Amino acid sequence: MAFGTGGLATLSAVLAAIVAPVSPVATTPPTTAAQPSPAATPISVQRPIRYVQLAPGQTPPPGARVIDAKAPKPITVVTLLPAPAPRTVVVRTTQSGRIVP
Amino acid sequence: MGGRLAVHLTGGSDERRADADARRVLARIARWADRITRHAKDSELCRLNADPRSNVTVRPTLAAALLGGLRATEISDGLVDIGLLDARLAAEGLLPAAEGPLPSAPWSLIPGARGCAVVGRPAGLHFDLDGIGKGWLADRALHLTSAWANSLVDADGDLAIRVAPGRYWEIAVDDPRDVDLSLAVLRLSSSPVGGPTQWGVATSGTSIHRWRRNGELRHHLIDPRTGAPAVTDLVQVTVVAGSAQRAEALAKAAVIAGSFDGLALLERAGVRGAVFLMESGDVLAMPETLALLAA
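Going down the list, the sequences are from chains A and B. The first sequence begins at 1 in my numbering and counts up one residue at a time. The second sequence begins at 1 in my numbering and counts up one residue at a time.
Excised from the complex, chain B in its bound form:
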């Protein structure tokens, strides 16, 4: 799906085993990504998008990723919608812009045997799993590292994290204005009691995937209410949650919603923390975040 990919395993004494496990997980992620990317014409996602039928059976990996997309829509109050590929391509100038408001485009997923599912959709609805897919990949890959109590999967900036009791991971929140700077450094620990703690951290924003079209600066985060790039006062949002998929969906939704509605959404969702970079240049954080800042 493009972007960087890393697996970090710590806490063991067998370096060769860690290396072998990390390589195995990376290979699995690559195979999953090959199925759900929209950037390879023979991927399962591209075959689904090219299929003219309204009802199409998809294989388990793509079915699970699409289910993740449905969950993202649910938890984001509808602001994250993986059925907006055409609107995104139109924003990039790769498709003619739709005239008038977007038609309502409900779609469904009917689970079938052995993990397969039937996608039911209006003709012409095309899917884009990019950001949501990366959070989903990170979470799924973290399950493959269960032999390691302290592990982290980085799927192009979306992080799925397991922290062993007594350990922590330090995570830098990227400052998109300067690659050498951070907006904050988070220290994610385990609960004082019980087994390992899972975290998810994801960042979404408008300052990397952006381009100028007809003199107007546009970006890739489509507001499903308008079918156009979101008009927002937020440049970037980082969310800390219990999974990468949840963090990614909520970060994206917050950027699309803007600071006022986005903060309310994150409060309702009960996130563990959030860092915002405003258009004004201010860096803000939800109060819960303060307990996560590295000293």
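Here chain A stands alone, though its shape is the one from the complex:
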């Protein structure tokens, strides 16, 4: 494989205090006004709130898990890819709308 020239890179980010809510995924009861079948299983979705960042002076909600801003951050190791050797490949994955020859 041709990635010998690549080096290892790491990504990290500086975060302030972060709070994980007690119940990370809230589910709203589904609307039941027009149920087509008594046996139907409702499926609902709500944007889950995993973390919130506290502004200065804010306090976390009761029971929330508080992650100290000074705690060690997880580091994801990734690999720097060199450009691949030119070759003819028929199939390409692209962003949608990309015009390819």
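If you're looking for bench data, these hints aren't it; they were derived computationally from the structure. Computed from a predicted structure; not experimentally measured. Careful: at least some of the hints might be erroneous.
[As the list claims (entries may be wrong)] Reference excerpt, derived from the structure (chain A facing chain B, CB under 7 Å, subset only):
no.: 1; residue: Q53
no.: 2; residue: T59
no.: 3; residue: R65
no.: 4; residue: V66
no.: 5; residue: V89
no.: 6; residue: R92
no.: 7; residue: Q95
no.: 8; residue: G97
[Claimed, not checked] Anything over 10 Å on all C-beta distances counts as not near chain A; from chain B, calculated:
no.: 9; residue: R16
no.: 10; residue: R17
no.: 11; residue: G194
no.: 12; residue: R212
By construction, the Cβ of each residue, glycine as well, lies at the ideal position given by its N, Cα and C atoms.
Starting from the known structure of chain A, fit chain B onto it as the hints suggest.
Structure of chain B alone, referenced to chain A:
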């Protein structure tokens, strides 16, 4: 839904049959796409979006695609949300921008008889299936090619792939800065034992659908936490997973989240590989990807 569409079938000796099967699959994809696009006023999706009622019964194809949208929200920790059409149109300047934060907009899908479902939503919630719909179309179409052990459906860059034992597909990851270049070339093989292996590959990013508004460069990937185009250090992410739909949802979520949170999300999701193009120009890959690189 716009964009390119291709079906690749290999491994058989009957070229005429392959051609006929590919044409049949393409026709089916076109019919599905006509129902779930937001770019044709008479599509089922547009009729749903135009319906003022909170509870609307939808037909099986649209119900299945919307269910795919719900799944995308689940696996992306809420970062992919198909209920953000108005925010996207506002970002494009086609709707007035909402004042203040987005209201919480939960919606539900209640399965009914014969594949139909009832969509329950707050009044005024409109859906946009574009990217998620393409991954869904690719996966659904791949099922139609089950007679071919080695097949691939390309729905505008979202790929659903079946690889026969002993075979492989080579996939180029597009470099959005130069149409003649690739960021990487992946070789996706089958498992050494058992039947065909399925893969999904999808790419999402901010560098194709973008425009300048009031002097500010904006793009189409809306962060549901802000209702505005995501502020991100990633130009493009390609994800390799077990299905195109999953790959599309995770690629989009990673771009929205940015490199730090996006990598953590992809690790938790257990993707098979991922390639990132950073704003800095660096091209990074998750370690799992190295085993997939073509020699």
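Practice task
Would you settle whether the hint for V89 (chain A) is holds or violated, based on the nearest Cβ-Cβ distance to chain B being less than 7 Å?
Solution key: 4 Å, holds
Handout entry: Minimum Cβ-Cβ distance from R16 (chain B) to chain A exceeds 10 Å
Key = Answer for R16 (chain B): holds, closest chain A Cβ roughly 21 Å.
Practice task
Answer holds if the nearest beta-carbon of chain B is closer than 7 Å to that of T59 (chain A); otherwise answer violated.
Solution key: 20 Å, violated
Problem - Restraint satisfaction for R65 (chain A) [CB to CB of chain B, less than 7 Å] - result: 16 Å, violated
Handout entry: Beyond 10 Å from each Cβ of chain A, as asserted for R17 (chain B)
Key = The claim stands: R17 (chain B) keeps its Cβ more than 10 Å from every Cβ of chain A (closest is about 20 Å).
Handout entry: When the least beta-carbon distance from G97 (chain A) to chain B is tested against 7 Å, hint result
Key = Given a least distance of 5 Å, the restraint on G97 (chain A) holds.
Handout entry: Interface hint compliance - R92 (chain A) to chain B, C-beta minimum distance less than 7 Å
Key = 5 Å, holds
Practice task
Could you check if Q95 (chain A) really has its C-beta closer than 7 Å to a C-beta on chain B?
Solution key: 4 Å, holds
Handout entry: Outside-interface status for R212 (chain B) - nearest CB in chain A farther than 10 Å
Key = The claim holds: R212 (chain B) sits with its nearest Cβ about 17 Å from chain A, beyond 10 Å.
Exercise for the section: Confirm or reject the statement that G194 (chain B) sits farther than 10 Å, beta carbon to beta carbon, from all of chain A. Expected result: 23 Å, holds
Problem - Restraint satisfaction for Q53 (chain A) [CB to CB of chain B, less than 7 Å] - result: This interface hint is violated because 11 Å lies over the 7 Å limit.
Practice task
Classify the hint on V66 (chain A) as holds or violated, based on whether any CB of chain B lies nearer than 7 Å to its CB.
Solution key: Since the shortest Cβ distance to chain B is 18 Å, the answer is violated.
Hint violations for this structure: numbers 1, 2, 3, 4, all remaining hints satisfied.
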